[in-house]
Structure formats: C-alpha cells, structure tokens
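Protein chains in written order, with numbering that gives the first Met the number 0: chain A, 0 to 387; chain B, 0 to 309; chain C, 0 to 377.
No wet-lab data here; the hints were simulated from the structure. Positions of the beta carbon are idealized from the N, C-alpha and C atoms, including for glycine. Treat the hints with caution; some may be incorrect.
Stated by the list, open to error - Which bits of chain C does chain A cover? Going by a derived footprint, with three or more residues having C-beta under 8 Å, they are:
(1) 13–25
(2) 89–96
(3) 133–145
(4) 310–322
Listed below are the residues making up each chain.
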Amino acid sequence: MPVFKLCLKILRKNVPSLAIYIFVFIGVAVIMTFSSVNEQAGTLAFTRSKTNIAFLTEENTPLVAGLKAELAKVANFVELPDEKEALQDALYFRNVSYILRVPKGFTEKFMQGEQVRLEKTTVPDSYSSAYLDLSIDQYLNLARLYLLHLENPTQEALAKHVADALAAEAEVKLLPGGAAPDMQLSANLYFNYLAYSLLSVIILGMSVLMLSYHNKDLQRRNACSPLSAASFNRQFGLAILTFTGLVWLLFIILCLLFNSKNIQSPSTVFFILNSLAFAVCSAGLSFLIGNLVTNAKAIPAICNVVTLGQSFISGVFVPAELLGDTVLKIAGFTPAYWFVAANNHLAGLQQFTRATLQPVFNGMLMQIGFALAFFALALVAAKKRRLE
Amino acid sequence: MVVRIKNLVKRYGDLLALDHLSFSVNDGEIFGLLGPNGSGKTTAINCLLSLLEYDKGEIEIFGQPMAPDAYHIKREIGIVMQNVAVYNELTVRENIDYFCGLYVPDKKSRKELVDEAIDFVGLADFADFYPQKLSGGLLRRLNIACGIAHKPKLIIMDEPTVAVDPQSRNKILEGILALNRQGATVIYTSHYMEEVERICTRILIIDKGKPIATGTKEELKAMITMEEKITVETQQLTPEQLARLRALPHILSAEYQNGLLVVKSGRGGHNLETVLSFIRKEKIQCGKIYSELPTLNDVFLEITGKHLRD
Amino acid sequence: MFAHIFSYRLKCLLHDRETIFWTLLFPLLLAVFFQLALRNIDKNEIFQVIDLAVVDNAAYRNDQFLRQALAEASTGDDRLFNVTLTTAEQAEQLLQTNAVDGYIVVAEEPTLFVSRSGIAQNISKSFLDIYLQTAAAAGDILQQNPARVAELFRDLAGRRHYLAEVSGTAAEPDTVLNYFYTLIAMACLYGGFLGMREITDIEANISPLAARINVSPVHKLKAFLASLCAALLIHLAEIFILLLFLRFVLQVAFGDKSFYVVLTTILGSVAGVSFGAFVSALAKKAENIKIAILLGVTMTGSFLAGMMYHNMKYIVSRHFPLLSCLNPVNLLTDAFYSLYYYDTFTRYALNMGMLCIFIIIFCTGTYLIIRRRKYASL
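Only chain A is shown next, with the shape it has when bound in the complex (with noise of 0.2 Å):
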C-alpha cells in the first residue's frame, strides 16, 4: 500500500498546518456554541432573559410609570444620558438593543383617545426586541381598552387593571422524556456548526495531500508504475477516509467532553451517527474538489465559498426558520441542508421510534447519496486529468 503510507506521511509532515486548521475550526465551534447556547436560552426558553433597554421619557405621568413597571418584567433599564452620541454608541456596542422614548404629551393625547405613538430606536435583529415591541403595545391596548369602557378613569386606575390583566399567562409544559431542553440545544447546535467547521478542516487538509500529487512529472512517474489506476485511487480514497475520520473522532470526543453530562441521552448517538455520514460526505467533496482544482492559491477561496456559503443557506449561522423557502429548496442541492435538518429534527424528538427517526434517516441516507456521487465525479475529473 505505498501510495496509502505515502499519503500518510505527507499527512503527518504537515501536522503543523493541519494543527492550525484543526485547532482554529474546532475553536470557532465550541465559541459559538457556547455563545448561541447562551443567548438562545436566554430569549427563547420560557424563562426569558431581561433585555436591556433605554426608557428615556419627556414626562411624568402614572400611565408612563405603569408602562415601566409592567416592562421591568422583561427589561434591565439602563441609563442613558439624553444625548445623541451616548445613545448612537450605547447601540452601536449593543449595551442597549432597545432605546424607548415617550414623547410630550404622550399621555394626554392618549387619554384624549387619540392615536398617539412612542419612539423607538432599535436593533432590529433580535427577538427580544419583537418581544419588547408586543409588550409595550399589549400594555396601551389594554389601557386604550379600559379607557374606552371604564368611567372617567385615572391614570393610577388604568394603570392598576392593566397591571392586573397582565398578570395572565399561558402555563406551557415541557414534555417529560427525552434530553432536557438545553442540553438538545446545544447538542444541536454543536453539530450544526460541524457542518462549516468538519468540512472546512478536511477541504484544507485534503488540499495539502493533492498538491504535492498534483505535480505533473510526479503524475506521469505514477502513471509509469505498474500500479493501476483503481488501485491508486483506492489507495488514495482510504488515505482521505482515514484523515477524515480521525478529525471526525476528534470533534466528536470534544462534543462528549463539554457535553458529558448529556451522553446517556439516546439523542446523541444519533447525532454521531449524522455526523459520520456527513464526514464521509465532506470526505467525497473535498477529494472532488481536489481533483477538480490544481491550483494551489484557488484552493482556500473555494473552500470558503463551498462551507461558508453551504452553512449560511442550509441554516448553520441563520436559523432554518428565518430563511425562505426559495432559499431552503437551493439549499436542498447541498448536503449540509439534510445534515442540519436531521440535527434540527432530531433535537426535537421525545420519543425515538422507527417513524419518529425517519426523517434523520432519511437525511443521513441523502448525504451517503451525495458522498457517492462526490466520490465518483472525483474518480472521472482524476481519469480527465490523468489523460491529459
């Protein structure tokens, strides 16, 4: 098996380069994780984290101190001198998402019944400030709907049924079973991630291994050998699987680390499992693409395009949910659309039944399908490229 130790050897001399990779990917990972971790449990779970916003008003009034209390509930204010740089910067560094002003007059115009609005300034990405947006008009709806019916009400009254309508709220129960909610999460995103991260790490290490065969005299000494071409190529494939999966086995020993208390959850074999077929799929893309690219400068450009662009339409970075179906049926032609909807269902899933883990077979069953395909345009581009 010369070809197969020589690949290995050239693997192993360039250890350096492939730590660099390995080491910066896999960081990239485990930080955003974390980081998404964080910020989703804290405006998704169903014990919200506060907001911080800027609640700067121009008057006074028991309406206006109603509104602030009633938001306290969901927003850390943060005071703000009432100058125009302050509040530029304290956006621009996210110290607020969210800067409220009452305007004067406000409350009298609203107690006259007329269609009055407050100001707001925000960043409009997340959903906290959806959120922010929903309570501050529930707050006046309320308060326009006792102004309406109740007799000659004040300020404080309003303020006191409204505080006290409010007080309602939707009981939600969490299904027992299954991972707790967190841990799926982060689960979840972990392999997500894997997607931009595995691929990336076997693009450039692959890269590495095909240059130094891309030589041409070196090729036409290869051809001259009595090796075949089958065996060369089967040689060279065990060479790329190998490198694939020890990467593989380390993300994954990562994941098993930082997520140790999770592992006995049924959820994260299947996880793995995913992930196993997509690494043989980043395997079979990057031996394509390092059979298709024999230029060694092109080579980092495409690997960016190929994992940055795949993650950010199959829903790594921007949530599935966000993004249209135009773009989740372009996504569709990728195989890191199937990874994370299989990631993505499977996160969800209580129960783990034959039908209830039909659509992560099927995904995994999608990617092997693209792996084949991968593996056998890369063996027609190496036959093209051979006769030359």
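Let chain A serve as the given structure and place chains B and C on it in line with the hints.
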C-alpha cells in the same frame, strides 16, 4: 584582475564547505572551476556574488570589495544559475526583456540587446513561446540569454549545461567562446571536464572546498607524472610478462584486467614505442592498441585519489 | 525602473487567470449566499407557519373567544398557525413525532404543551399570553359594564400600534450590514496571499528567480515595492468590483460618505497585502505553514468580527475589548459600519488609526527582514 578571492571560508554548521579558497581571474580569461559534486563550486559562486554569508575571506570584483549593495559592480555582472530562473508567465522575449531591463533602463537600446540575445542563443523561432513549452535544452538557452543580454563584462556560469542535449551544449559552448571574443571575462563552473578542457583558458580544480591545483590545461597536466596512457587489448599476458613490463624504463604502472592491459608511462618520450617493442619481443598477440594523453580527470585522480565523476 | 518592474509584474500576475478568477469570484459568490440567507433576518417575520394541534374537548368548544382568536390567526396567506383539531392521544403522538410544534389543551385555561423551546414554541406562548391577558381585561370590563358588549368587541378587534421607529442617527442600526462588511474585510485580508507571493519571488533563499533579482543592480527594496504595487493594484481592482457588486447589485447600504468608503477599502487592501508579506517574510520557507497562518488568522478574525455569528462581535467588544482592537478584520468592519451609522468621524478615525498602525508594523517588519542581506544558506 577582474576577480580576486582570498582565503574564503564558509561553514554550514559543522560542515566546512569552503576551506581557505583563494583564486583570481584575469581580464579576458575563461576561468574554469572544476570539481566533483559537492566540492563547493556553487557555494563559492554564491559567496562571490554576495548572496551567501561567509565566515572569513576577502572578495574583490573589478578591484573593489564586493557587497550586497555594490550596485555599480552588479551592473557589470551577468549570471547564469544552475537552476533555471525564468518566469513561467512571460514569453521568451518578455523574460529576456525583463531581466535586461534591470540592467539597461533605456527601452530603445534594450530592444536591440534583446533581439541580439535571442539570436545569439538560437531561440528566434521560439521567441513567443512560454517556458512550459520549451524542452530542457531550450530552457537552458533561455536561462543564458536572460543572464547575458545586457552584455556584462563579467559572466558567471554555474553548471549551465546540466541535462542539455549535445546540440544545445555545443551551441552554448560556442556561444561562450564568442562572448569571450567580444571581451567578456567568464567564470565557468562544471564537473564535466571535457567542456572545461575545451573552452577554459585557466582552470582551478577544487575538492571539498579546497583548491587542488590551478593553471592552464597544459600546466595542470604537466603537474602529474603521467604523460601517456596506453591501452592494449590482449588475451594472453602472463604475470611474469607483466612484471617484466613493469621493469621497463619510464613505465609508471601496468595493470591487466579483463583482457585489457593499461600502461601508464611517465615523461621521457617514446613510450608507445617501448610498449610496442616489448609486445613484439614477447610475441604477445593483441587486438586494439590505443594511446591517450592525460585528461584533467587523471590530474584529479592523481592528486586526490578520486575520480571527478564519482 | 519602477515602471519596468511594475508593468512586467502586472503581466505576470494577470497571466495566472485561474487564481484571479477564483479570488475575484469567491467574495461575489459569498455575497450572493449571504443575501439569500440574510434577507429575512431583520424582519422578525416567520415564514414557516407554525403547526399547532388543539385538543377538541368540551372546554375548547365552549371557549368561543379562543376559537375565534385561533381562527383569525390561522387564516389567510400570512397566517401564524396551522391549526388541527385532534384528540388528546393524537395530539401527544403528533408532538412526539415532531409533526406539530406544540398542542393546546383547554381546561380552565389553555395550556401549551411543547417538547422544546424554539422560536415556534415561544411565539405560540406569546400568542396565548396575549390572548389570556386580553380576555382577562375584557372579562374585567364586562363585569363592571355588562351592557357594552358590542362596543367591547369592536374595540377588541381594533387593535392599535403604538410604536414608531425613529432613528437617532443618519442610518438605522442594521445587523445584516455587519455580515457584508465582514465579507469585504475578509476579502481584503485574502490579499495576503498576493503579498506572500511577492516575498517568495524576492527572497533568494526561497526561489532561484529571487536570486537573479538579488544579483541585479536594482535596489532590492525598490524592486520589491514596484512588484508589490502591481499585486496591490490587482487586489484593489478585485475589491472594488466586490464593492460595486454589493452596492449596486445587492443594494447593500454604505451611507453617503463614498470618498471615505473608498479610502477604507484602499487601506484595507494595503493592510491585507502587507500582512501576507509580513507573515511570509517571517516564516521563510515553510510554504504550507504560511498559508495555514494566513488562513487561520483571517478566518479567526472574521469569526470574531461577527461573520458567522454576529453577536460574536459584541461579546468580544464587551468582554475582550483589547481583542477587538487588535483584530484587523474587526477594525475594517467597524470602519465601514461607522461610516454608515454615525454622523461624526470619531469612531471611524479611531478604527482607521489602529489599522494604519498595523500597516506600519507590517511594512516596517517586512522591510527590516528583507533588507539587502546575505543569506546563511540558499
């Protein structure tokens, strides 16, 4: 004196690459630097060009000390390196024009020089080719053209004929002679003694970074004791006959192996006649007989005990 | 001499069409992908309709308000929910198999059953919260004033919006822009590969071509600079094409200080190319390591500037402010954003200042390393 090197010492870690090497090159000479692989020829050249740091020694070119920023000296030097150094992205003509342009800023005069250089190396038919499309020999010719287009006063060539076909090799050697006739001093390093013998006016033989012998061809050959080597094809030579042969005057050595009798005889003349009369007297039947004059290899062999081409 | 080297270098670089093609194309492709993925990130609208099951029990059938509210929320093209009426067991089954995002059981009050806490589930809860609060208020009012039922319903239906978005600056805070700005910054740093090649071709211990240059009478640094300018020109052209593509094809906003945007781009390009040259001069012969360092730094920098996960930018600036100053990708991204967002130039000047310091460090470092010198070995 165009080049003067005194006591050049260069170490690579523990390895002593140049061991107090000294030599000088006179104006108008073709100076040959001859030595086996690893003897320090390229190292010496690189030190001469101020590309390489050296531990000790003085180097003067055109009477002035050589340094990395001695541009006035560099302007008059042309180099042809061992490795082909051309841009794959430029055509033959563009390559020559580019490198010539580093020495000759004026565009008009440069054009003439470039055309001349292309003709000189015989690449007129390939002027618009890219280097990838050229064979090894043609590439070497391009390499040379890039180094001499600006008509330098001192040309340094480091093994320019490695892996070159005989036709190109011939052309290259002829070209060097032509350049020399036009007034350039040439330093030529090689391990091919036939080339060095053919074109060099003065030769320095080095081994392991040390100068072994220097002088013209004739002076070098005169250094050794052997004057002639006579080879006789014969199947019947007895040890006693061999011993008697060895006893003859002016016979330095006689070896008989695989049907070949090799006799080395020293100065004194009539060596072939001595051997022939001996064979006649002993009535030894023989096939071919030929006589050779000593080569530089013999010089090297005698001084160092090794062959040049080991 | 400068023009001679410059023009030939340009010819050389342009000859390598494949590299130019890919280095030009990849940021454009990525921009398209970003655009596809990020279109909706600002809008907070959900494009996936939420699947809910409701247990069809007596309590539900009696609660006409809830039914009406759910009916309203599940009709129309931009509806919030798809509501299915089921039995209790069916509902549980549907949830276990992820066929619905949650189900509602009405007892005294409606309860939401979910299996996870994702976006869909949170929205469902908010919907129920609002429903319950409004119902409480309505009930309260009706208790006091039972006669005005009709008006009450009319007013319930006429829900108002009480908020107006006001921007305190020249432009609105915009998250999507950050992604595109990091893309430009990353593309600028990719110029490092060009810078790397320049060093390879001028350092005699790396390539025989460089040896030729070193022996010529041309001042090494002048030759290097001329060559570098050619590389810079090509890189600038690529970045500008990216800039134009972003601005006019993808309609990415840059504010109206066009001159400064161009200036930032030029400095970014210089920073990227000089960074590559610096790394290459330091690492000498180890080709693969050089590429790994360049890629590693660029991707880490892009990550920390918020390219993959935009909150990263703020996490870094809040907890590791020094790091955000030391990250050239972040400096560039911030510079673009400051031009867009702020009216004044303070922030912009700070970022550009830091970037210039980096450029000076890279250039000086490279200069010191490649100054005309002899090599220990070739």
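- Any hints this thing doesn't respect? Which numbers, in order? Of the numbered hints given earlier, the structure breaks none, since each of them holds.
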